[in-house]
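2 protein chains.
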Amino acid sequence: MSTLCLPHVMFPQHKITQQQMVDHLENLHADHPRMALAKRMIANTEVNERHLVLPIDELAVHTGFTHRSIVYEREARQMSSAAARQAIENAGLQISDIRMVIVTSCTGFMMPSLTAHLINDLGLPNSTVQLPIAQLGCVAGAAAINRANDFARLDARNHVLIVSLEFSSLCYQPDDTKLHAFISAALFGDAVSACVLRADDQAGGFKIKKTESFFLPKSEHYIKYDVKDTGFHFTLDKAVMNSIKDVAPVMEKLNYETFEQNCAHNDFFIFHTGGRKILDELVMHLDLASNRVSQSRSSLSEAGNIASVVVFDVLKRQFDSNLNRGDIGLLAAFGPGFTAEMAVGEWTA
Amino acid sequence: MSTLCLPHVMFPQHKITQQQMVDHLENLHADHPRMALAKRMIANTEVNERHLVLPIDELAVHTGFTHRSIVYEREARQMSSAAARQAIENAGLQISDIRMVIVTSCTGFMMPSLTAHLINDLGLPNSTVQLPIAQLGCVAGAAAINRANDFARLDARNHVLIVSLEFSSLCYQPDDTKLHAFISAALFGDAVSACVLRADDQAGGFKIKKTESFFLPKSEHYIKYDVKDTGFHFTLDKAVMNSIKDVAPVMEKLNYETFEQNCAHNDFFIFHTGGRKILDELVMHLDLASNRVSQSRSSLSEAGNIASVVVFDVLKRQFDSNLNRGDIGLLAAFGPGFTAEMAVGEWTA
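Protein chains in written order, with the UniProt record's numbering: chain A, 1 to 349; chain E, 1 to 349.
Check each hint, because a few of them may be wrong.
[What the hints assert, rightly or not] Part of the chain A face toward chain E, derived, beta carbon under 7 angstroms:
1. A60
2. G64
3. T66
4. P112
5. A248
6. P249
[Stated by the list, open to error] No farther apart than 25 angstroms at their CA atoms in a straight line, the calculated lysine to any residue pairs in the SDA-like style are these:
7. E:K218 to A:H233
8. A:K218 to E:E58
9. E:K178 to E:I95
10. E:K228 to A:D57
11. E:K207 to A:K218
12. E:K228 to A:E58
13. E:K253 to A:P125
14. E:K178 to E:E73
15. E:K218 to A:S96
16. E:K207 to A:R77
17. E:K245 to A:S127
18. E:K238 to A:E73
19. E:K253 to A:S96
20. A:K228 to E:P174
21. A:K253 to E:K253
22. A:K238 to A:D226
23. A:K228 to E:Q86
24. A:K39 to A:K218
25. E:K207 to A:D155
26. A:K218 to E:E73
27. A:K178 to E:A264
28. A:K228 to E:D229
29. E:K218 to A:R77
30. A:K210 to E:K253
If you're looking for bench data, these hints aren't it; they were derived computationally from the structure. Note that beta-carbon positions come from the ideal geometry of N, C-alpha and C, so glycine has one too.
Working from the sequences, and respecting the hints, build out all of it.
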């Protein structure tokens, strides 16, 4: 059995309130015919503020994919190392104990990936297995947890460092004027997390019992990137909101097989915050009171949708809440594919 | 114990001989001061011909990252499905038997990745685990094999489909005039492979006994991409040639721990063909006769360096050679990081 230890979550220095973002968009697209609708939809996101790697005025002038890739790499190198060191300490491990490093990030591209930087900068063992994941978007954090868990099941010394890093603001495309582009520009936030999955029982946290993967056929258009000269352009089909009804039975099955109870009887949830509507769909289809996903709602409000980092931010909030040893929980995230990754387990902290 | 079954390898329709490539470069950069040196270095690659997804005249006019991404996706969808179907048949399995799909490709970017396309197009189970790997370059094929083997060790039904797809020609940058850009433009080829790793003993092939990962510290600059408005720009430091002397002892250790013999006593090798010089370094540091890596040399000569596809092309060539059941072999590939992934095993076909 392996355990997700206390994550370390970091945010870049610049902040923007949702009102500032609305002002920015109104200013940039003064005569856009659907701005009033966009403003209502942005208000509906229930995002209050977000952190950005650069101030919004700088981001509004697209400096090109070449320049943005340089900014991405500079910030990524710096923040990932700091987060990783703290996460390893949180897990009560030494640098030399790590056997695999996973990096999830869909908002920039580096080759060699950040896994190489982390091995060099932290001094991880030369035999460290590298698993960089760039193409799983918002589900990548949970996918990393599940693949780390697979690896940990092979050997009780297979401790895994997972670093998730998203600078969505570097994918902000000020010339994209479709409604969904406005929404994503106001929804996604920047953040970095690091978390260790210990392959043994020697730390408290979320002890994983079982994992599951789910793919929804014929839904590649729900969440996707157009890859252009100007970098990654996020596109979203509102049909994605219908996906949770198909995932919920898979979660219930996983939960019942493991604990012989429905999700509604669980003590806690670590849900990805695709957006307010996704959380509303989750509570509806799993028959939960709305406040059962309060940590996910707080994360969304205070940081926006921070993509693959979300599950770690919500996990950290569970460490700060009043869970008891033996409490039962479900972790789940959703992303392009359409893909869901789920894990059920027990609180041991 | 899991077994790599007979791969299916496909090449795109356009071909270019190395003489045609030299003529092309001379024509494009008629007054380049180091063209004579470039020609000698290109001759030294010992690449005879390569396959390209588009004719070289078309590639010489850079149509932008937006357009190239469209071409990448179109060709990737078509070729990957065809290769995957044949690989599953080669393994004696049904579509419904596949539990994980890995796609390796560093020469284009899609989100959702090709893993989603393959689940849809082949009709793989909705519970299929997806593992897209974009940032491991030439080592990704061997990394995929080793991660597939990890997954297969968990359950004898954990069969894995690995699709590797490289259209290096879509990263051809006709305006890059440094020597290493000319060399890479003449070295890398396009190809697609699919291969199934069966988690049981019910098929003949390369039965994996043990795997190992190796990272060479402070070598991120050896093999890297600059990510620009025009896409991925490959850069190579000739220091990479010195890396094999550091990897060779790791291979020897893995081999000895598994078979109590040095690599030189093995019956066969499945080596990535970084280039002629890398193969020369391998035979030197592992104390092999030059003809022991003939399948890798043939692959290099007939297809160029096809990045993450190489190990599967060389594996296929081993199926066509005269190996005997029980023969002992070593598989290894090298890529950005600098990273090496290795596996030792036994021939069972």
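Quick rundown of the hints versus the structure:
1. At a threshold of 7 angstroms, the smallest CB-CB gap from A60 of chain A to chain E is about 18 angstroms, leaving the interface hint violated.
2. This hint holds: G64 of chain A has a C-beta 5 angstroms from the nearest C-beta of chain E, less than the 7 angstroms allowed.
3. Hint status for T66 of chain A: holds, given a least beta-carbon distance of 4 angstroms to chain E, under 7 angstroms.
4. For P112 of chain A, the suggested interface contact is upheld, since its CB lies about 4 angstroms from the closest CB of chain E, less than 7 angstroms.
5. Interface hint at A248 of chain A: violated, since its Cβ lies 14 angstroms from the closest Cβ of chain E, which is beyond the 7 angstroms cut-off.
6. With a cut of 7 angstroms, the hint placing P249 of chain A at the interface with chain E is violated, because the nearest CB-to-CB distance is about 11 angstroms.
7. The suggested pairing of K218 of chain E with H233 of chain A is violated, with an alpha-carbon distance near 33 angstroms, which exceeds 25 angstroms.
8. At most 25 angstroms may separate the alpha-carbon atoms for a hinted pair to count; K218 of chain A and E58 of chain E exceed this at roughly 33 angstroms.
9. About 46 angstroms separates the Cα atoms of K178 of chain E and I95 of chain E, which puts this hinted pair outside 25 angstroms; it is violated.
10. Restraint check for K228 of chain E and D57 of chain A: the C-alpha separation of about 22 angstroms stays at or below 25 angstroms, so the hint holds.
11. Of the pairs offered as hints, the one joining K207 of chain E and K218 of chain A is violated, with about 35 angstroms between alpha carbons and a cut-off of 25 angstroms exceeded.
12. Taking the CA atoms of K228 of chain E and E58 of chain A, the gap is about 19 angstroms. The hint holds against a cut of 25 angstroms.
13. Pair hint K253 of chain E plus P125 of chain A holds up; C-alpha atoms about 16 angstroms apart against a cutoff of 25 angstroms.
14. Our distance criterion of 25 angstroms between C-alpha atoms is broken by K178 of chain E and E73 of chain E, whose separation comes to about 29 angstroms.
15. Of the pairs offered as hints, the one joining K218 of chain E and S96 of chain A holds, with about 17 angstroms between alpha carbons and a cut-off of 25 angstroms not exceeded.
16. Between K207 of chain E and R77 of chain A, the direct Cα distance comes to roughly 39 angstroms. Violation of the 25 angstroms bound is thereby established for this hinted pair.
17. At roughly 16 angstroms between alpha-carbon atoms, K245 of chain E and S127 of chain A fall within 25 angstroms of each other, so this suggested pair holds.
18. Between K238 of chain E and E73 of chain A the alpha-carbon distance is near 23 angstroms, which keeps this suggested pair within the 25 angstroms criterion.
19. With a C-alpha separation of about 20 angstroms, the suggested pair K253 of chain E and S96 of chain A falls inside the 25 angstroms cut-off, and the hint holds.
20. Distance restraint check for K228 of chain A and P174 of chain E: the Cα-Cα separation of roughly 18 angstroms lies within the 25 angstroms cut-off, and the hinted pair is therefore satisfied.
21. For the given pair, K253 of chain A sits about 45 angstroms from K253 of chain E by alpha-carbon distance, which is inconsistent with the 25 angstroms threshold.
22. Between K238 of chain A and D226 of chain A, the direct Cα distance comes to roughly 17 angstroms. Compliance with the 25 angstroms bound is thereby established for this hinted pair.
23. Of the supplied pair hints, the one linking K228 of chain A and Q86 of chain E is violated, its CA atoms being roughly 33 angstroms apart against a limit of 25 angstroms.
24. Restraint check: the Cα-Cα separation between K39 of chain A and K218 of chain A comes to about 31 angstroms, which exceeds 25 angstroms; the hinted pair is violated.
25. Among the hinted pairs, K207 of chain E with D155 of chain A is consistent with the structure: their alpha-carbon atoms are about 21 angstroms apart, no more than 25 angstroms.
26. Restraint check for K218 of chain A and E73 of chain E: the C-alpha separation of about 17 angstroms stays at or below 25 angstroms, so the hint holds.
27. Our distance criterion of 25 angstroms between C-alpha atoms is broken by K178 of chain A and A264 of chain E, whose separation comes to about 62 angstroms.
28. Only pairs whose Cα atoms come within 25 angstroms are accepted, and K228 of chain A paired with D229 of chain E is accepted, the gap being roughly 8 angstroms.
29. For the hint pairing K218 of chain E with R77 of chain A, the CA-to-CA distance comes to about 14 angstroms; that is within 25 angstroms, so the pair holds.
30. A hinted pair counts as satisfied when its Cα atoms are at most 25 angstroms apart, and K210 of chain A with K253 of chain E does not qualify at roughly 35 angstroms.
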